[in-house]
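Take a look at the letters that make up each chain.
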Amino acid sequence: MSTFYFDHELKSAPGQYVMLWIPGIDQKPFSIADDDGASFGLTIFRRGALTEKLFEMGVGGRVGISGSYGLGFSINENTRYILVAGGYGAAPLAFLATKVLARKNNSVDFLIGARSADQLLYEEKLANISNLNLRVATDDGSRGTRGFVTEILENICKEIRASGEKKEILIATCGPEMMEKKVLDIANAYNLPCEISLERFMKCGVGVCGQCAVDPLGICVCQTGPVLKKEIVNRITEFGKYHRDKCGRKIFFNPH
Amino acid sequence: MLRTNFLGVDFDNPIVLASGILGLTAASLKKAVDDGCGGVTGKSLSAEPRPGHPNPTMVGMENYFINAVGLSNPGIEEGILELKKYREICSAPIIASIFAGSSEGFATLAEKLEDSPSDFIELNLSCPNVNLEFGKPFAYSVEAVEEITKKTRARTKKPFSVKLSPNAWNIAELAKAAEAAGADAITAVNTVSGMMIDVRLRAPVLHNKQGGVSGPALFPIALKCVYDIYEAVKIPIIGTGGVTSGEDALAMIMAGASLVGVGTAVYYRGADAFKKITEEMEQIMNEEGINTLAEIRGTAHA
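Taken in sequence, the protein lines are chains C and W.
Under our numbering, the first residue of the first sequence is numbered 1, with each subsequent residue one higher.
Under our numbering, the first residue of the second sequence is numbered 1001, with each subsequent residue one higher.
Hints may contain errors.
Unchecked claim - Chain C residues, not near chain W, derived (Cβ > 12 angstroms throughout): (1) Gly37; (2) Ser74; (3) Glu154; (4) Leu170; (5) Glu238.
Claimed, not checked - Covered stretches of chain W, going by a simulated chain C footprint (3 or more residues, C-beta under 8 angstroms): (6) 1025-1033; (7) 1043-1057; (8) 1070-1083.
If you are wondering where the hints come from, they were derived from the structure by calculation, not from laboratory data.
Backbone N, C-alpha and C define an ideal beta-carbon position, used for all residues, glycine too.
Please construct the entire structure, taking both the sequences and the accompanying hints into account.
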């Protein structure tokens, strides 16, 4: 995993994505991990032909970028953000954390989970964001609390309910879909606002090819998402059940 | 005002979602109806699932759109499940699109659709982006169009339309051949073959290098094809290609189209492009004192 920086004014918002193209190989969507106005960063895993090639390229290498595309997370004020990250979802949520902490009277609880300490991504980068309340969970307890990151979320929600906290809350999540499903269930149970970044196979990015249309709404998440509010995701019956591959065939998720 | 009877089936309006745009799933097809389509055409189905070409597969420019998706689809079996699902959730007419590499392949797929809830079948024998895979494109050969149509006719009772290519110099002749061989309708046209080169990269933008051009640039080409075909055949025409406004749609009908395919317009005018187009049609019809589409169908030939 590496974060690649590009000197390009993108003017993007956390949760949006770009299409990264290496001619002759492929073009794929990548979530934006950083954007200071003058340059932006993409945190990328080495996985498949496109990313292999990218990792071989050095400083000064040229790729095609289009975007930014889609709708990102809400950036509010006077809000307690509770961000729940799994895997690569930490990158866009760290970008979100930086943006919201620059706004008036916000706080951020950043919850991140992994199987074990050595699989924990982005921890160092998160530690460098000041005023971030970082909470870590690992399945084996090798870092932070033992258990799932969603258990930390549930405890925080319980505390909020018990204390009668009046501050606006916004839960935002990005990560493996089964984790996101759990986050949604908790947000529903505690009646708290929640925004979810949904990953579906995308080709065009502009609502034309229909590859990323979700059941039963038929909306293209490339354009109406990828970040969707709880109320919409609650109506997407395929969420947490299946997605579609590049042929359009249904692929079912394995239960956690 | 816009109601159209096409081969005995009633459409609330003549705008049909063109094949290849959205329409991969039942839900996506239904959404196109909710967004204003009178009917829909599914993505082209093949015998086996296909992943299509790698990206970039689509690029949108101000006046044209170019794509080389490579006919990605989940295959006929899963495709039929989506058609069934569509029929459960939506009552607007649906055209199932199919493509194959041989006349036998087309006939076999059509046969498989016999019990599916599709109202019509469309034979996509004119995709410009898979030529290398399937050898000579059928859409330029009178003999190939004849053979595919004849074989398919023998194996299905469902009404079907043959989709032709604007690249064919003899498109009216091809339409005639399809009609004589038993086709119930003609869909005109598919995208026109094209290319786009990135000057900084000094290379074609589409992974497939060549692609099919749609959007506003295709409209006058498609309109002329429909006009020519209308003079050559008696069977109805689905006029498709670059229609983005109500004015375009009415021009297609004046050229002789019964239904009007709309696809790329969603890029230019948003997901509810269909509704915008039908509203504009009604407005112009009101201004011009036109009561029904039948009044103006083919009127440009007078």
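**Prompt:** Do at least three Cβ atoms from the region 1025-1033 of chain W come closer than 8 angstroms to Cβ atoms of chain C?
**Reply:** holds (count 8)
**Message:** How does the region 1043-1057 of chain W fare against chain C when you require at least three residues with a CB closer than 8 angstroms, holds or violated?
**Reply:** It holds: at least three residues are needed, and the region 1043-1057 of chain W offers 9 whose Cβ sits within less than 8 angstroms of chain C.
**Item:** Coverage criterion applied to the region 1070-1083 of chain W (partner chain C; beta-carbon cut 8 angstroms; 3 residues)
**Value:** holds (count 5)
**Item:** 12 angstroms cut-off, C-beta based - Gly37/C kept clear of every residue in chain W
**Value:** holds, 23 angstroms
**Consistency of the no-contact label for Glu238/C, given chain W and a CB cut of 12 angstroms** = Check fails; 9 angstroms does not lie beyond 12 angstroms.
**Asked** Just checking, Leu170/C versus chain W, shortest CB gap more than 12 angstroms?
**Response** At about 27 angstroms from chain W, Leu170/C clears the 12 angstroms cut-off, so the statement holds.
**Asked** Is the nearest CB of chain W more than 12 angstroms from the CB of Glu154/C?
**Response** With a cut-off of 12 angstroms, Glu154/C remains clear of chain W, as the shortest Cβ separation is near 32 angstroms.
**Prompt:** Are all C-beta atoms of chain W more than 12 angstroms from that of Ser74/C?
**Reply:** holds, 22 angstroms
In summary, the one numbered hint that this structure violates is 5.
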